[in-house]
Amino acid sequence: MDRIPILKVGDCLLVTIQVDMHDELAMSLQEDLTSQIAKHASRGVLIDISSLEVVDSFIGRMLANIAAMSRVLDAQTVLTGMQPAVAITLVELGMSLPGIKTALNVERGMELLREFTQQNVGLEDSDGSED
Amino acid sequence: MSAFQQILRSNEDSILTSWLKGMSSSTRRSDLIDDADLKQQVKEFLRLFTEAAQISSDIQSAAYVSVREFLKQIAKSRMDRGFSPADTAMFILSLKEPVFVALKDTLKGNPSELVTEIWSSGDLLDKLAMLTVDTAIGFREQTISRQQEEMLELSTPVVKLWDGIVALPLIGTLDSARTQVVMESLLTAIVETNSQVAIIDITGVPTVDTLVAQHLIKTITAARLMGAECFLSGIRPAIAQTIVHLGIDLADIQTKAKLSDAFSIALRILGKSVVSARTAQASSKIKEE
Numbered sequence: 001m002d003r004i005p006i007l008k009v010g011d012c013l014l015v016t017i018q019v020d021m022h023d024e025l026a027m028s029l030q031e032d033l034t035s036q037i038a039k040h041a042s043r044g045v046l047i048d049i050s051s052l053e054v055v056d057s058f059i060g061r062m063l064a065n066i067a068a069m070s071r072v073l074d075a076q077t078v079l080t081g082m083q084p085a086v087a088i089t090l091v092e093l094g095m096s097l098p099g100i101k102t103a104l105n106v107e108r109g110m111e112l113l114r115e116f117t118q119q120n121v122g123l124e125d126s127d128g129s130e131d
Numbered sequence: 001m002s003a004f005q006q007i008l009r010s011n012e013d014s015i016l017t018s019w020l021k022g023m024s025s026s027t028r029r030s031d032l033i034d035d036a037d038l039k040q041q042v043k044e045f046l047r048l049f050t051e052a053a054q055i056s057s058d059i060q061s062a063a064y065v066s067v068r069e070f071l072k073q074i075a076k077s078r079m080d081r082g083f084s085p086a087d088t089a090m091f092i093l094s095l096k097e098p099v100f101v102a103l104k105d106t107l108k109g110n111p112s113e114l115v116t117e118i119w120s121s122g123d124l125l126d127k128l129a130m131l132t133v134d135t136a137i138g139f140r141e142q143t144i145s146r147q148q149e150e151m152l153e154l155s156t157p158v159v160k161l162w163d164g165i166v167a168l169p170l171i172g173t174l175d176s177a178r179t180q181v182v183m184e185s186l187l188t189a190i191v192e193t194n195s196q197v198a199i200i201d202i203t204g205v206p207t208v209d210t211l212v213a214q215h216l217i218k219t220i221t222a223a224r225l226m227g228a229e230c231f232l233s234g235i236r237p238a239i240a241q242t243i244v245h246l247g248i249d250l251a252d253i254q255t256k257a258k259l260s261d262a263f264s265i266a267l268r269i270l271g272k273s274v275v276s277a278r279t280a281q282a283s284s285k286i287k288e289e
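Taken in sequence, the protein lines are chains A and B.
Everything in the first sequence is counted per the numbering used here, starting at 1 for the first residue and increasing by one.
Everything in the second sequence is counted per the numbering used here, starting at 1 for the first residue and increasing by one.
Extracted from the complex, chain A is given alone in its bound form (with noise of 0.2 angstroms):
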């Protein structure tokens, strides 16, 4: 059976969803994040959806369980590049995901991690490096 790959970086966990998500391994994906999240301590879990085109109820909660669970093991969860149809979806089901913080693209969504995280020593430099 197939399983999503979960990449450690640094202190966070970056999870890409490339294929269309079954029940079974939006299931076997939980499990294996959250004993990744126990084995490394991590501070934050980063989710793209980018290439994600369907979406049911299932696997909106799935998402939201996801994010529960790694509060509750102390790691924030960013959801990252989801499709507009995607995102209409979820709202019209009543799913408007709560706890999960979002970002447009993985670029963002990593950078919100590390504001979060507090450990980017150059962050300060990072909001005005364009001026």
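The hints are simulated quantities; they were obtained by calculation from the structure and are not laboratory data.
Note that the coordinates shown come from a computational prediction; the quantities given were computed from them, not determined experimentally.
Incorrect hints may appear among the rest.
If you want the ones that stay clear, here's a sample from chain B, every Cβ over 10 angstroms from chain A, calculated [stated by the list, open to error]:
(1) K76
(2) N110
(3) P111
(4) S120
(5) D123
(6) R146
(7) E150
(8) I243
(9) D252
Some chain A residues judged to face chain B by a derived CB distance under 7 angstroms, without partners named [to be verified]:
(10) I88
(11) T102
(12) A103
(13) L104
Cross-link-like lysine-lysine pairs, in silico, PhoX-like; alpha carbons within 25 angstroms at most [unchecked claim]:
(14) B:K218 with A:K101
(15) A:K101 with B:K72
(16) B:K127 with B:K76
(17) B:K96 with B:K39
(18) B:K287 with B:K272
(19) A:K101 with B:K272
(20) B:K108 with B:K39
(21) B:K72 with B:K43
(22) B:K218 with B:K160
(23) A:K39 with A:K101
(24) A:K101 with B:K160
(25) B:K72 with B:K160
Heads up, the beta-carbon is just placed ideally off N, CA and C, and yes, glycines get one too.
Once you have looked at the hints, place chain B on chain A.
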């Protein structure tokens, strides 16, 4: 050959004159169409109609093709000039009087045939009148639906205010079809311009009811899901009162009174600020020294 057909052929000139005369008193509208045009139309129609009536009394038949086409043209040109559908129908209906008068004169001694002829000719003219009304209204409906489409396209412009800031100034009443377009165009613009902040300005929205508020909340939530912060601005005092009275919960949504307020917050989020050029010059000089 029925009396009606005979009369049409033999009395063409007298019917034409009295039709024109009758029309000048009731439905003339000389402000919209001049005498020469009207006379031309009347003459042409009567010629076509007389021809067709000799062959058949069914206006859907092949004999009436040219009559139908001519009437459609008349209806269209009259709607263009600003006639109402009723005025357009009266063009045909006013032909009844001269025809009936002519029938009465001819069939003086035969009342039962007179009634039959009046009924059948009246029926025929009514159908032709309905055809013009149909055409006139169909033409107007076409205009309306075309304008609706244009409005739908025009009414949802997404404006880029700054690198990373898009605004959607909404003008006019929101219905579900339009809100769907609004939602899609805003979300697409967020992706295309890679914007972190979106501002929905509802200064031009006259009324906000529960449905509209629901749609706005959905749009804002969807934008947040995609990773953009979304502000609602331009809420007028009357609308603020309505929202509270309706019990709509906008607690999760950041609202600002004016677009400029939302814009300055957006700039702050992006880590930018607006400074007066003079102050900036002065401070850079100090730095140089």
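Tested hints:
{"no.": "1", "hint": "K76", "in the structure": "holds, 42 angstroms"}
{"no.": "2", "hint": "N110", "in the structure": "holds, 73 angstroms"}
{"no.": "3", "hint": "P111", "in the structure": "holds, 71 angstroms"}
{"no.": "4", "hint": "S120", "in the structure": "holds, 59 angstroms"}
{"no.": "5", "hint": "D123", "in the structure": "holds, 54 angstroms"}
{"no.": "6", "hint": "R146", "in the structure": "holds, 28 angstroms"}
{"no.": "7", "hint": "E150", "in the structure": "holds, 24 angstroms"}
{"no.": "8", "hint": "I243", "in the structure": "holds, 19 angstroms"}
{"no.": "9", "hint": "D252", "in the structure": "violated, 8 angstroms"}
{"no.": "10", "hint": "I88", "in the structure": "holds, 5 angstroms"}
{"no.": "11", "hint": "T102", "in the structure": "holds, 4 angstroms"}
{"no.": "12", "hint": "A103", "in the structure": "holds, 4 angstroms"}
{"no.": "13", "hint": "L104", "in the structure": "holds, 4 angstroms"}
{"no.": "14", "hint": "B:K218 with A:K101", "in the structure": "holds, 17 angstroms"}
{"no.": "15", "hint": "A:K101 with B:K72", "in the structure": "violated, 62 angstroms"}
{"no.": "16", "hint": "B:K127 with B:K76", "in the structure": "holds, 17 angstroms"}
{"no.": "17", "hint": "B:K96 with B:K39", "in the structure": "holds, 17 angstroms"}
{"no.": "18", "hint": "B:K287 with B:K272", "in the structure": "holds, 20 angstroms"}
{"no.": "19", "hint": "A:K101 with B:K272", "in the structure": "holds, 22 angstroms"}
{"no.": "20", "hint": "B:K108 with B:K39", "in the structure": "violated, 30 angstroms"}
{"no.": "21", "hint": "B:K72 with B:K43", "in the structure": "holds, 16 angstroms"}
{"no.": "22", "hint": "B:K218 with B:K160", "in the structure": "holds, 21 angstroms"}
{"no.": "23", "hint": "A:K39 with A:K101", "in the structure": "holds, 23 angstroms"}
{"no.": "24", "hint": "A:K101 with B:K160", "in the structure": "holds, 24 angstroms"}
{"no.": "25", "hint": "B:K72 with B:K160", "in the structure": "violated, 47 angstroms"}
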